[in-house]
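Residue numbers (our numbering), protein chains in the order written: chain A, 18 to 313; chain B, 18 to 313.
Take these hints with a grain of salt, some might be off.
Said to hold, decoys possible - In silico DSSO-like links for lysine-lysine, alpha-carbon gap of 30 Å or less:
| # | chain 1 | residue 1 | chain 2 | residue 2 |
| --- | --- | --- | --- | --- |
| 1 | A | Lys48 | A | Lys67 |
| 2 | A | Lys299 | A | Lys264 |
| 3 | B | Lys299 | A | Lys61 |
| 4 | A | Lys264 | B | Lys48 |
| 5 | B | Lys264 | A | Lys236 |
| 6 | A | Lys299 | B | Lys236 |
| 7 | B | Lys264 | B | Lys299 |
| 8 | B | Lys61 | B | Lys48 |
| 9 | A | Lys231 | B | Lys299 |
| 10 | B | Lys299 | A | Lys264 |
| 11 | B | Lys264 | A | Lys299 |
| 12 | A | Lys231 | B | Lys231 |
| 13 | B | Lys231 | A | Lys299 |
Said to hold, decoys possible - Now the stretches of chain B that chain A is said to cover, found in silico as 3 or more residues with beta-carbon under 8 Å:
| # | segment |
| --- | --- |
| 14 | 38–48 |
| 15 | 140–150 |
| 16 | 169–179 |
Hints listed in this document are in silico derivations from the structure and should not be mistaken for laboratory results.
Where is the CB? At the ideal position from N, CA and C, for every residue including glycine.
Here is what each chain is made of, one letter per residue.
2 protein chains.
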Amino acid sequence: MTTEQPHFNRVALIGVGLIGGSLARVIRSQKLADHVTAYSRRAKTRNRIKELGFVDVVADDAATAVADADLVVVSVPVSASASVAEAIGPHLAPGTIVTDTGSVKQAVIDAMSPHLPSQVHFVPGHPIAGTEHTGPDAGFDQLFEGRWCVLTPPEGTDATAISIVANMWRSAGSMVEQMSAPHHDMVLAITSHIPHLLAFNIVGTVAELEDQIKLEVVKYSAGGFRDFTRIAASDPEMWRDIFIENKEAVLEMLGRFSEDLAALQRAIRWDDADALETKFTKTRDIRRDIIDAKQA
Amino acid sequence: MTTEQPHFNRVALIGVGLIGGSLARVIRSQKLADHVTAYSRRAKTRNRIKELGFVDVVADDAATAVADADLVVVSVPVSASASVAEAIGPHLAPGTIVTDTGSVKQAVIDAMSPHLPSQVHFVPGHPIAGTEHTGPDAGFDQLFEGRWCVLTPPEGTDATAISIVANMWRSAGSMVEQMSAPHHDMVLAITSHIPHLLAFNIVGTVAELEDQIKLEVVKYSAGGFRDFTRIAASDPEMWRDIFIENKEAVLEMLGRFSEDLAALQRAIRWDDADALETKFTKTRDIRRDIIDAKQA
């Protein structure tokens, strides 16, 4: 792969939330395209994008947005991938590169591929970056800096197209890796989906406590719970889709987690101090590995 | 309660890790005492405290450390509370204030009270502050700033003694609240103990994965897992004690958590998108409450 900065004539952004809105800002600040068209499903969001002014044109439908585009970036909740692909498929010019930013990859490939013409190059991608904020206002052009972006092109995908998409993400400051979609989905189930599920769940458990104790939990949240609430404040629609679309890997990892939790619970009940200390000492090593890997 | 800064003739610090070491620095920077003696169980730690030089004298045993002290602060793993109280009890002068910093309160009261003379004022306390680092080197005098400190004095505790301990923590920059020990233990089970248990558990699950996927989890940890590893890097010995000593509240909350998790798991398995979205939308509100309460 070369590392030279790509340049596009016309980019179409389908979906302009945190990710699409951040990429739009990168494209502008890095001068990656002559012209950027954006489309968002909600009229309210389209109006807001116009006000924010970080793209050239806001289209009223996806088909119009992709006309004459040489790059199309789809950044929508995973469950909307199929209908987006169906809407844009017939309007894509031969040779157009289509990429996406979905957090689950095999499901997106299954949903979009059937609707994309054979002369279009589909390079599925996942920038591992985000905040708990959503919508076009939340975007900023440093979101992807120093973050990984994983591409999961099916075998036989055009190498030049892969290289161009990779270089676009490198221009956004990301480090790019390539792997198979199923492998991506398993790794992300562990690093991201299960942690989010646990955070949603513990915060949900608290939401159902009596009001008085809930107030106190909020008041004294600094002890660990606060970190979970930040994670659990992520986009509900996006996460709903992730869990359903990556069901297999999530349920597999959740099974292992629950077994381990039952063992810990048993150790607590039976005062097994040694088992607890051994477990908690082991987990420190992983933190060290992460610090060594410069991800902390 | 008054808010005036207390002044002690002689302070004895029993246990000088992150908390004791931070408090020692506060006492020095805020000039809260004429003289500070410290004792730590490990000879290596005692030598390090001498090198760090933030106390006046390092004693070789707890009994010597507390002689003539008007304030004794016990900051040791909760399971060591009883033996510390037993060691210092006979050497405490009448009128001495004894406080502690344990993360569990009823168990500490049960462990220490029987060994403390009746003319000593015991004011159990818990500064809700910490980092994932341990030992006297990790301490710093801003650790308690803007944090809550909860005091759980049993009924009948001398009001002046409570007020003096409260003002010491206020001098460290903390906000002080008073509640019953069982109530503290339940609130902390939710805000801190269960989140830590989940973090230890998910990081433990990862620790047992095959090496190749473990490497990748570390590499792509930015997506949520990283926050858990920070929590799971906390002091193993301290947390071992917390779970065992606050068993009842922890198991009660863990039961609720596991029920809720089973429901979420079922929603994922059966593609119940509405249930997931409803749940994830609710959890956002708690985050807003915390931001409103200025704890985020």
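Margin query: Need the list of violated hint numbers for this structure, in ascending order.
Written below: Violated hints: 4, 12, 14, 16; rest satisfied.
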